[in-house]
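2 protein chains.
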Amino acid sequence: MIKIAVDAMGGDFAPEEIVKGVEAARDRYDDLTFLLFGTENQVKPLIQNMDRLTLIGTTEEIEMGEEPVKAMKNKPNSSLVRAAQAVKDGQADAFFSAGNTGAILAASIFIIGRIRGVERPALASAFPCFGGGHDEFVFMDLGANAENKPSHLYQYGILGSFYAESVMGIKNPRVRLLNNGGEEDKGDEVHKAAHQLMKDTDAFNFLGNVESREIMDGTADVVVADGFSGNATLKAIEGTALTMMDQLKQSIKGSGIRGMLGALLLKPALRSLKHKLDFNENGGAVVLGVKAPVVKTHGSAKANAVANSMGQIKRMVQENLVGKTTDFIKENAEQLKVKKSSK
Amino acid sequence: MIKIAVDAMGGDFAPEEIVKGVEAARDRYDDLTFLLFGTENQVKPLIQNMDRLTLIGTTEEIEMGEEPVKAMKNKPNSSLVRAAQAVKDGQADAFFSAGNTGAILAASIFIIGRIRGVERPALASAFPCFGGGHDEFVFMDLGANAENKPSHLYQYGILGSFYAESVMGIKNPRVRLLNNGGEEDKGDEVHKAAHQLMKDTDAFNFLGNVESREIMDGTADVVVADGFSGNATLKAIEGTALTMMDQLKQSIKGSGIRGMLGALLLKPALRSLKHKLDFNENGGAVVLGVKAPVVKTHGSAKANAVANSMGQIKRMVQENLVGKTTDFIKENAEQLKVKKSSK
Chain P
1 MIKIAVDAMG GDFAPEEIVK GVEAARDRYD DLTFLLFGTE NQVKPLIQNM
51 DRLTLIGTTE EIEMGEEPVK AMKNKPNSSL VRAAQAVKDG QADAFFSAGN
101 TGAILAASIF IIGRIRGVER PALASAFPCF GGGHDEFVFM DLGANAENKP
151 SHLYQYGILG SFYAESVMGI KNPRVRLLNN GGEEDKGDEV HKAAHQLMKD
201 TDAFNFLGNV ESREIMDGTA DVVVADGFSG NATLKAIEGT ALTMMDQLKQ
251 SIKGSGIRGM LGALLLKPAL RSLKHKLDFN ENGGAVVLGV KAPVVKTHGS
301 AKANAVANSM GQIKRMVQEN LVGKTTDFIK ENAEQLKVKK SSK
Chain W
1 MIKIAVDAMG GDFAPEEIVK GVEAARDRYD DLTFLLFGTE NQVKPLIQNM
51 DRLTLIGTTE EIEMGEEPVK AMKNKPNSSL VRAAQAVKDG QADAFFSAGN
101 TGAILAASIF IIGRIRGVER PALASAFPCF GGGHDEFVFM DLGANAENKP
151 SHLYQYGILG SFYAESVMGI KNPRVRLLNN GGEEDKGDEV HKAAHQLMKD
201 TDAFNFLGNV ESREIMDGTA DVVVADGFSG NATLKAIEGT ALTMMDQLKQ
251 SIKGSGIRGM LGALLLKPAL RSLKHKLDFN ENGGAVVLGV KAPVVKTHGS
301 AKANAVANSM GQIKRMVQEN LVGKTTDFIK ENAEQLKVKK SSK
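Those protein sequence lines, which keep their order, are chains P and W.
As numbered in full-length UniProt numbering, the first sequence has no gaps in its residue numbers, which increase by one up to the final residue, 343.
As numbered in full-length UniProt numbering, the second sequence has no gaps in its residue numbers, which increase by one up to the final residue, 343.
Here chain P stands alone, though its shape is the one from the complex (with noise of 0.2 Å):
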C-alpha cells in the first residue's frame, strides 16, 4: 500500500475537486491510501465513501498570495504543513497539494528535507513535445529558484534523467540545457560553465544546448534550465498558447456564420490540438531533490487532473524514484563534489 498525504485545501477549487480526484484516484488504484489533510466540517461532508481515506482536521490554510516561508512558519497546523510533516514523520510516502507553489517548495525543503548531496531542488514538469519519438519531456527548474549556480544545473541532468527514465520509461534520457545559442561558448558565465560540467560527465546522456525555440521539437527528453529562464520560458510558452487560443476564437467571431459554420466542423481538430497543448492535465509538477516525492497541480486543477497526479505519485513510489536518486548521488559524491569544485 502506498500512502499519500494530500493538501485538501489547496488550490482554486478546493476542497471539492481535490476530494473528488482523490477518490478517483482511490476507484482507479487500489493499492494507494490517502491521509485527507483538511478542515473537518468542510472535507467530511463532501466524501463519498471512507474507504482507504482518512481525514485529518486542521485550523488552517494558507491562502495562495502568501509569502511562503513566513506561511510555513506562522501556519503550523495548516493543512499543507501537516500533510508535508506527515511524511517527514514517515507516516505518508509522498506529498500532494494544489496550492501556493513557493509554500510546497519551502515545505518540501524544510520539512521533508534535500537528498543528501543536491545543493537545490528543482520544480519539473513533464512537457508536451512533437516529434523525436516521446510525447512529452521533462522541463526544469522551472522557478523553484531565483538563480542559479552551474552545478545546481548539472546535478538538475541526473535528478531528471531519473524522472524520465524511472517514471516517463525514457531509456537513456537525452538532456540538454536551455541556452542562448547551440554553440558551446554561448550565455552567460552560469551557462557556459554550466555546459562544460554537463559535457565532461557520464553521470547522464548530455546532447548540448537547445534554444527556448526548439525545446518542444523532440530533440532533448531532459531540457535542463536555471529557475529565472525556465520559468520564463514556461511563462511564456503558456501566454503564446492561451493568446493564439483567444485570437483565433476572436477571429472566427468576426468572420460572421461562415467562420461559426468553420469552427464547428474544426472543433474536434480543435479539441485534439488543444488536448495535446495541455500539459497539466496530464499530471502536476514534481519537487526533485527532496526525500519524497512531492507533485503539485495547477492552482485550477479539477478533479481529473487531481487524479492524474496520484498516478503520477504512485509511478514515482514503486520506482523508487527517492531511493535510486539517493543511492546515484551518494555513489558519486566524490565525482559530484569534484564537479562542484571546479564550478
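Hints are not guaranteed to be accurate.
Heads up, the list lumps identical chains together, so a pair's fine if it works in one copy or across two of them.
Distance condition first, Cα-Cα at most 27 Å in a straight line; then the derived DSS-like pairs of lysine-lysine [said to hold, decoys possible]:
#1 LYS192 / LYS73
#2 LYS88 / LYS73
#3 LYS70 / LYS253
#4 LYS171 / LYS291
#5 LYS199 / LYS330
#6 LYS186 / LYS73
#7 LYS249 / LYS291
#8 LYS274 / LYS253
#9 LYS186 / LYS274
#10 LYS186 / LYS70
#11 LYS75 / LYS186
#12 LYS324 / LYS276
#13 LYS291 / LYS44
#14 LYS302 / LYS20
#15 LYS274 / LYS249
#16 LYS149 / LYS186
#17 LYS276 / LYS253
Bear in mind the hints are in silico, worked out from the structure with no lab data behind them.
Starting from the known structure of chain P, arrange chain W on it as the hints suggest.
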C-alpha cells in the same frame, strides 16, 4: 533626404529580396536615398532603376554562422562592415541589414559606436499585444547581451521609452520589467536591484514587473528584460506560435473532408490570426543605444518586410530618435551616474 546604408548581401534571400525591398521603399517614400553595399556582379543585374540608389561594390560577405567579432575584424570589405562604416563616416544616416545578428550588433557598437553614457546597447523589437489600447509594445533586450547589470536594465527603460514615444507615437509609455513575479522583491539579485532603480526614477513611467505569461496582454508599452531571459522569452513565443500553427494543420489534415472544409471556411480567420502574430512583417529589430538608427530584419525577410523596415528607419531619422536620446542622457548624466553607482 534621408540616406540609408544597406547591406545588400545579408539574409537568406539576399541579394534578390533586399534589392526588391529597397526599390519598393524608394518608390513608396520619396525622401529616401540608398547606398547599396554588395558584390557588384550579383547586385547590379537585379536593380530595375537606379533612381536614388548608389551601388558600392564590396568583395566579402559575412555568413550567418560566423563568429561576429572575428568576422567583423577579418572582413573589412564585407557589405555589412562597409555599410556600418558609411554611417560612421557620415555618408549615411542609418544602417540596415538582414544578416548575421551578432555581426550587426558588433558593427553597431564597435564601428558606429555607443551613445555617450549608454553602458550596453540593446536589441529591441515591436511585438503584437492584444488589449491595453495599443497594438504593439517594445520588447528589449532580445539578446544583444548574454548578461546584464541592474543599471543596464534601468537604462533600457529610457531607451525603450524614447523609441515607443518617438517612433510608435505612444505618449508617456508604460514601462514594465520582465520578472518571475509581480511583487518588487521577486527575481534574482539583478532584477530586484533593477526594480528599485526603476521604481525611484522620474526618467520614465515605471509600472512594476510583468511576467512573460502576460506580456502580450497590453499592460506595458515597453517591456524591459535582461538579454538572456528576453531572448529565451522571444524564442519561446516564436516556437510556441509555430508549433501551434503546425499542430493545427496536422489536426485539420487528420480530420478528413470535414476538417478540410472547416479549414477552408476558416481561412480568412486563420490568415488574420497569422497576420496579427507576424511581428517580423511589420519591421525589423532595432539596435538602441548607438549613434545612428540600425535596423535588422529577420534573416528570412522578403521584399515587403525589407521595405517596411525602411519606413521604420525613416521615422527614426525624422523623429530624431538618436538625437533626443543623446540629449536626454547628457542632461541627466548626473542622475544616471547616481543610479549607476547605487546598483
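Now the hints, each set against the structure:
When the C-alpha separation of LYS192 and LYS73 is checked against a cutoff of 27 Å, the pair qualifies only between copies, where the shortest distance is 24 Å, while the shortest distance within a copy is 38 Å. For a Cα distance limit of 27 Å, the shortest separation of LYS88 from LYS73 inside one copy, 16 Å, qualifies, whereas the shortest one across copies, 61 Å, does not. For the identical chains of this complex, LYS70 and LYS253 are neighbours neither inside a copy (47 Å) nor across copies (52 Å), given an alpha-carbon limit of 27 Å. Taking the shortest alpha-carbon separations for LYS171 and LYS291, only the intra-copy value of 24 Å comes in at or below 27 Å, while the best inter-copy value is 54 Å.
For the identical chains of this complex, LYS199 and LYS330 are intra-copy neighbours only, at 21 Å inside a copy versus 47 Å across copies, given an alpha-carbon limit of 27 Å. With identical chains, the CA atoms of LYS186 and LYS73 are at most 27 Å apart between copies only, with a shortest distance of 20 Å across copies and 41 Å within one. Taking identical chains as interchangeable, the C-alpha atoms of LYS249 and LYS291 are never at most 27 Å apart, the minima being 45 Å within one chain and 44 Å between chains. Taking identical chains as interchangeable, the C-alpha atoms of LYS274 and LYS253 lie at most 27 Å apart whether they share a chain (18 Å) or sit on different chains (16 Å).
When the C-alpha separation of LYS186 and LYS274 is checked against a cutoff of 27 Å, the pair qualifies neither within a copy, at 34 Å, nor between copies, at 31 Å. With identical chains, the CA atoms of LYS186 and LYS70 are at most 27 Å apart between copies only, with a shortest distance of 15 Å across copies and 38 Å within one. Proximity of LYS75 to LYS186 under the C-alpha cut-off of 27 Å is restricted to the inter-copy arrangement: shortest distance 22 Å between copies versus 45 Å within a copy. Taking the closest pair of Cα atoms, LYS324 and LYS276 never come within 27 Å of each other, the shortest separation being 31 Å inside a single copy and 49 Å across copies.
In the homo-oligomer, the alpha carbons of LYS291 and LYS44 never lie at most 27 Å apart, since the shortest distance is 30 Å inside one protomer and 69 Å across protomers. When the C-alpha separation of LYS302 and LYS20 is checked against a cutoff of 27 Å, the pair qualifies only within one copy, where the shortest distance is 9 Å, while the shortest distance between copies is 55 Å. Taking the shortest alpha-carbon separations for LYS274 and LYS249, both the intra-copy value of 13 Å and the inter-copy value of 13 Å come in at or below 27 Å. In this assembly of identical chains, LYS149 and LYS186 lie within 27 Å of each other by CA distance both inside one copy and across copies; the values are 16 Å within and 18 Å between.
With identical chains, the CA atoms of LYS276 and LYS253 are at most 27 Å apart both within one copy (24 Å) and between copies (16 Å).
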